[in-house]
Amino acid sequence: SQQGEEDPQALSIQEGENATMNCSYKTSINNLQWYRQNSGRGLVHLILIRSNEREKHSGRLRVTLDTSKKSSSLLITASRAADTASYFCATDLRGNEKLTFGTGTRLTIIP
Amino acid sequence: DVKVTQSSRYLVKRTGEKVFLECVQDMDHENMFWYRQDPGLGLRLIYFSYDVKMKEKGDIPEGYSVSREKKERFSLILESASTNQTSMYLCASSLFRGNTQYFGPGTRLTVL
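Quick mapping for you: the protein sequence lines, in order, are chains D and A. This note's numbering numbers the first residue of the first sequence as 1 and each following residue consecutively. This note's numbering numbers the first residue of the second sequence as 112 and each following residue consecutively.
One should not assume that every hint holds.
[Claimed, not checked] Which residues of chain A face chain D? A few of them, derived with a C-beta cut under 8 Å, are:
| no. | residue |
| --- | --- |
| 1 | F131 |
| 2 | G153 |
| 3 | L154 |
| 4 | F159 |
| 5 | L201 |
| 6 | Q212 |
[As the list claims (entries may be wrong)] Some chain D residues near chain A, calculated using beta-carbon distances under 7 Å:
| no. | residue |
| --- | --- |
| 7 | N38 |
| 8 | R41 |
| 9 | G42 |
| 10 | H45 |
| 11 | L46 |
| 12 | D92 |
| 13 | E97 |
| 14 | F101 |
[Claimed, not checked] Label pairs and their computed distance ranges (CB to CB):
| no. | chain 1 | residue 1 | chain 2 | residue 2 | range |
| --- | --- | --- | --- | --- | --- |
| 15 | A | K181 | D | R54 | 39 to 49 Å |
| 16 | A | R184 | D | Q14 | 43 to 53 Å |
| 17 | D | P111 | A | E190 | 23 to 33 Å |
| 18 | A | E167 | D | E55 | 47 to 57 Å |
| 19 | A | T221 | D | Q9 | 36 to 46 Å |
| 20 | D | Q9 | A | I188 | 32 to 42 Å |
| 21 | D | Q14 | A | E167 | 38 to 48 Å |
| 22 | A | G127 | D | L61 | 21 to 31 Å |
Everything labelled a hint here was simulated from the structure, so no lab data went into it. Just so we're clear, the structure is a prediction, and the values are computed from it rather than from any experiment. C-beta: ideal position from N, C-alpha, C; glycine also.
Make a model of the complete structure from these sequences and hints.
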């Protein structure tokens, strides 16, 4: 199974609400990253959180990391229609130096 | 801004053809990667390169090869295309290993 697994697989919310998606992984990491992919396009890097960090913010994005539970969450506050996309977590495994991607959460913002 | 370009957005080839997918980055990154993306499977690493002339197999290298003659260019080669190689192919580059990757727009390849 995937190193990083996002939950839920799909999420639909009203514009203005907050969206939360989660990522679980199996082995020790150096860092965890979140990416966004608009339909049929390449991925865009959103945020990177290192294994010794617990929380990070970037604009309307908040990422938390709990290494004891091997999980991370991405919170998008005050969602907008333009946030409609797929969101992927990627882990940099300790000793590996490559990224392993999850299968993604498909987020739909309803205007 | 980092720019990663891929030679084609859409490509249709026939079974048995040799297919070349080109990727170019303009930020002098050492590290380059090829992934394929399929529904329900996420991104899977095909090949990567940490230096010119250097290449390493990823998780699913079978049926593919790569070439990196220049630092900025990383090519993915399908030696004899098959229908199960119909997929979205994504190229990426990074400055540091395990760090932020910058992706191209992707090539949607259909093999008939």
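Evaluated hints:
{"no.": "1", "hint": "F131", "in the structure": "violated, 19 Å"}
{"no.": "2", "hint": "G153", "in the structure": "holds, 4 Å"}
{"no.": "3", "hint": "L154", "in the structure": "holds, 4 Å"}
{"no.": "4", "hint": "F159", "in the structure": "holds, 7 Å"}
{"no.": "5", "hint": "L201", "in the structure": "holds, 6 Å"}
{"no.": "6", "hint": "Q212", "in the structure": "holds, 6 Å"}
{"no.": "7", "hint": "N38", "in the structure": "violated, 10 Å"}
{"no.": "8", "hint": "R41", "in the structure": "holds, 6 Å"}
{"no.": "9", "hint": "G42", "in the structure": "holds, 4 Å"}
{"no.": "10", "hint": "H45", "in the structure": "holds, 5 Å"}
{"no.": "11", "hint": "L46", "in the structure": "violated, 10 Å"}
{"no.": "12", "hint": "D92", "in the structure": "holds, 4 Å"}
{"no.": "13", "hint": "E97", "in the structure": "holds, 4 Å"}
{"no.": "14", "hint": "F101", "in the structure": "holds, 4 Å"}
{"no.": "15", "hint": "A:K181 x D:R54: 39 to 49 Å", "in the structure": "holds, 42 Å"}
{"no.": "16", "hint": "A:R184 x D:Q14: 43 to 53 Å", "in the structure": "holds, 45 Å"}
{"no.": "17", "hint": "D:P111 x A:E190: 23 to 33 Å", "in the structure": "violated, 47 Å"}
{"no.": "18", "hint": "A:E167 x D:E55: 47 to 57 Å", "in the structure": "violated, 34 Å"}
{"no.": "19", "hint": "A:T221 x D:Q9: 36 to 46 Å", "in the structure": "violated, 25 Å"}
{"no.": "20", "hint": "D:Q9 x A:I188: 32 to 42 Å", "in the structure": "holds, 33 Å"}
{"no.": "21", "hint": "D:Q14 x A:E167: 38 to 48 Å", "in the structure": "holds, 45 Å"}
{"no.": "22", "hint": "A:G127 x D:L61: 21 to 31 Å", "in the structure": "violated, 46 Å"}
The structure shown violates the earlier hints numbered 1, 7, 11, 17, 18, 19 and 22.
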